[in-house]
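**Q** So you can see what is in the structure, the chains are spelled out below.
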Amino acid sequence: MLNLFAHPKRIFFVLFVCFLAFSIWIYAIPLFSPTPYSEKELHLVAEGRLVWQKHNCHTCHQLYGLGGYLGPDLTNVYSRTANNEAYIKGIIKSGVKQMPAFEISDDEMKALLHFLKNVDATGTSNPQDYQPEIIGTFSLEKK
Amino acid sequence: MKNFGIWLIRISLVLFVLGLFFGHLASESYRITQPKSGVMGFLSLRPLHVSSAYLGIITAGLGFVTLIIAKMKTTRLGTFLQYLHFSLWVIALLGIFYSYFTGDFGGREYWEFNPVWALPIFVSFIVFLVFYLHQVGFSMKWPVYYWMWLTGIIFFIFTFIENYLWIFPYFRQHFIADMTIQWKVNGSLVGAINQIIYGVAFYLMEKISGDEKSSYQKLSFAMYFLGMFNLMFNWGHHIYLLPTEKYIHYIAYAVSMTEWIILIRIFYKWSQQIKENKQFYYFFPYRFLMASDYWVTINLTLALFMSIPAFNLYTHGTHITVAHAMGTTIGINTMIILAGVFYFIKPTFNSAKWRLYGSIAFWIVQVTLLLFLISLIGMGVQRAIWQAGLTSESFSKMNSSSENWVLLFIIFGTILMFSMASFFIYLLIQSWKKNKLNIEE
Chain P
157 MLNLFAHPKR IFFVLFVCFL AFSIWIYAIP LFSPTPYSEK ELHLVAEGRL
207 VWQKHNCHTC HQLYGLGGYL GPDLTNVYSR TANNEAYIKG IIKSGVKQMP
257 AFEISDDEMK ALLHFLKNVD ATGTSNPQDY QPEIIGTFSL EKK
Chain E
1124 MKNFGIWLIR ISLVLFVLGL FFGHLASESY RITQPKSGVM GFLSLRPLHV
1174 SSAYLGIITA GLGFVTLIIA KMKTTRLGTF LQYLHFSLWV IALLGIFYSY
1224 FTGDFGGREY WEFNPVWALP IFVSFIVFLV FYLHQVGFSM KWPVYYWMWL
1274 TGIIFFIFTF IENYLWIFPY FRQHFIADMT IQWKVNGSLV GAINQIIYGV
1324 AFYLMEKISG DEKSSYQKLS FAMYFLGMFN LMFNWGHHIY LLPTEKYIHY
1374 IAYAVSMTEW IILIRIFYKW SQQIKENKQF YYFFPYRFLM ASDYWVTINL
1424 TLALFMSIPA FNLYTHGTHI TVAHAMGTTI GINTMIILAG VFYFIKPTFN
1474 SAKWRLYGSI AFWIVQVTLL LFLISLIGMG VQRAIWQAGL TSESFSKMNS
1524 SSENWVLLFI IFGTILMFSM ASFFIYLLIQ SWKKNKLNIE E
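Residue numbers (this note's numbering), protein chains in the order written: chain P, 157 to 299; chain E, 1124 to 1564.
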């Protein structure tokens, strides 16, 4: 019988090739995901992501539960109430509790809001919207 | 050849002390109600804390590997590569802290510094890979820890490139794909660093027990490949909630469950483990390795439950995840690193008085770490209950209602800072007492 552990080089190579294929598949996700946004809007979304990074928003806030813990998750903040943009702008410009006021240009604000709008449209991060299943997974539809 | 490994280890000890200090300052932010800007604000303190600890672990791993392989052979090329790697690494560290202190952010979570400083890190790892292969060579059969170190270095380079794919708008424009890649990177990078640190643990166990055969056994290689398999495919458990491709979630769920094998093996060997623990308890390098073994059991149990999507749905985004992250970085990685530093710098205590002090500090660290993690889990459970909709409080009220857990988290965190820093500072001082260095074998 072939003793696999006597040939670590081969196993390493095979696993690495599998990993590489898996990675390339993931890089291609945008190619097979149709988007309803125009080029201009996508540009703003990409710029908004940079604004999010520049101001270290993830230090305190989360998107889909990923990020910091001091502030609330902002995945669906854009649609929390109707016309929520004014509220988001106000919080960013004036700060609240531990959150300082941010000096942010109009262009940056516009891009950030586009980014948050785009994130909001991708789904929900509220665990209450999901239904656990017997096999240990969960689905979006609440039964 | 001058061995820069000891310098990397000294730098890592300084980084750990800084990490503890910044962590303590950051933890205070949970109690204040007024915003703070600049370096003392949470926006700077959290990256300072995380990067100091994370880079401390990486630097220590590189330090141990350098310490071990630099003495294998002396060539002009080897010396040059070692100098070059060390210089690039120090430049990167200085740049990162300059970036943080001047508020020049722009990177992503755990790597918030200006992305320009990623360049010396990347180049230094390429140089380190060449240095490693040059020193180790392919003429002999490799023990399992050589494979683990090579895996760690190669996967660090690969995932570090992925870590900066966001600079291309193609990725940034597609939020879901971008987040998928970001957490693929975070999961695999930690796995790569773990390969380096666990490789050091294998090396230490071999040297302490004197049993060289164990590093060539099938079981050791089976565990190594299981770790590598998880490094590559289990990261999807970070993003169960993210609406990315379903197959990524299923692969992560299935692969994460293979770690039960490790847990079952630990329990299978439990009595043998206890016997061995009693035999070598007096020897500090072993004692820290023993501690890391127990923390593996605790953290692996928690991780396995967190890898079940239906359970993860409620723990995700809470401090239970932080407890797991702290448990692995402090309980596992830092304990192995302390074992290594004791082994190379101060393997035995000549004075009974210092041995006693060391024992007291050792147990304070272990007990406080457990209480620290429990307080984080308490904060996490409070948030999980709120997220599940079992209370209808606002986010702010929910945060205020966990103030007792926060207070415990700060108290135990402060004790942990002093007790762990005492080891780091003591070992840093000892590292300059040249006659005690256990580098030459």
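None of these hints come from the bench; they were simulated from the model.
Idealized CB from N, CA, C, for every residue including glycine.
It is possible that part of the hints are untrue.
Label pairs and their in silico Cβ distance ranges [to be verified]:
(1) E/L1207 with P/D262: 44 to 54 Å
(2) P/F178 with E/Y1391: 27 to 37 Å
(3) P/P192 with E/K1369: 29 to 39 Å
(4) E/K1194 with P/F169: 48 to 58 Å
(5) P/A277 with E/F1203: 45 to 55 Å
Short, incomplete list of chain P residues facing chain E, as computed with Cβ under 8 Å [to be verified]:
(6) R205
(7) H214
(8) Y243
(9) G246
(10) V275
(11) P288
(12) F294
**Q** Now tell me if each hint is right for this structure.
**A** A quick look at each hint next to the structure:
| no. | hint | verdict |
| --- | --- | --- |
| 1 | E/L1207 with P/D262: 44 to 54 Å | holds, 46 Å |
| 2 | P/F178 with E/Y1391: 27 to 37 Å | holds, 32 Å |
| 3 | P/P192 with E/K1369: 29 to 39 Å | violated, 21 Å |
| 4 | E/K1194 with P/F169: 48 to 58 Å | violated, 30 Å |
| 5 | P/A277 with E/F1203: 45 to 55 Å | holds, 53 Å |
| 6 | R205 | holds, 5 Å |
| 7 | H214 | holds, 5 Å |
| 8 | Y243 | violated, 14 Å |
| 9 | G246 | violated, 15 Å |
| 10 | V275 | holds, 6 Å |
| 11 | P288 | holds, 4 Å |
| 12 | F294 | holds, 5 Å |
Hint check: violations occur at hints 3, 4, 8 and 9; the rest are consistent with the structure.
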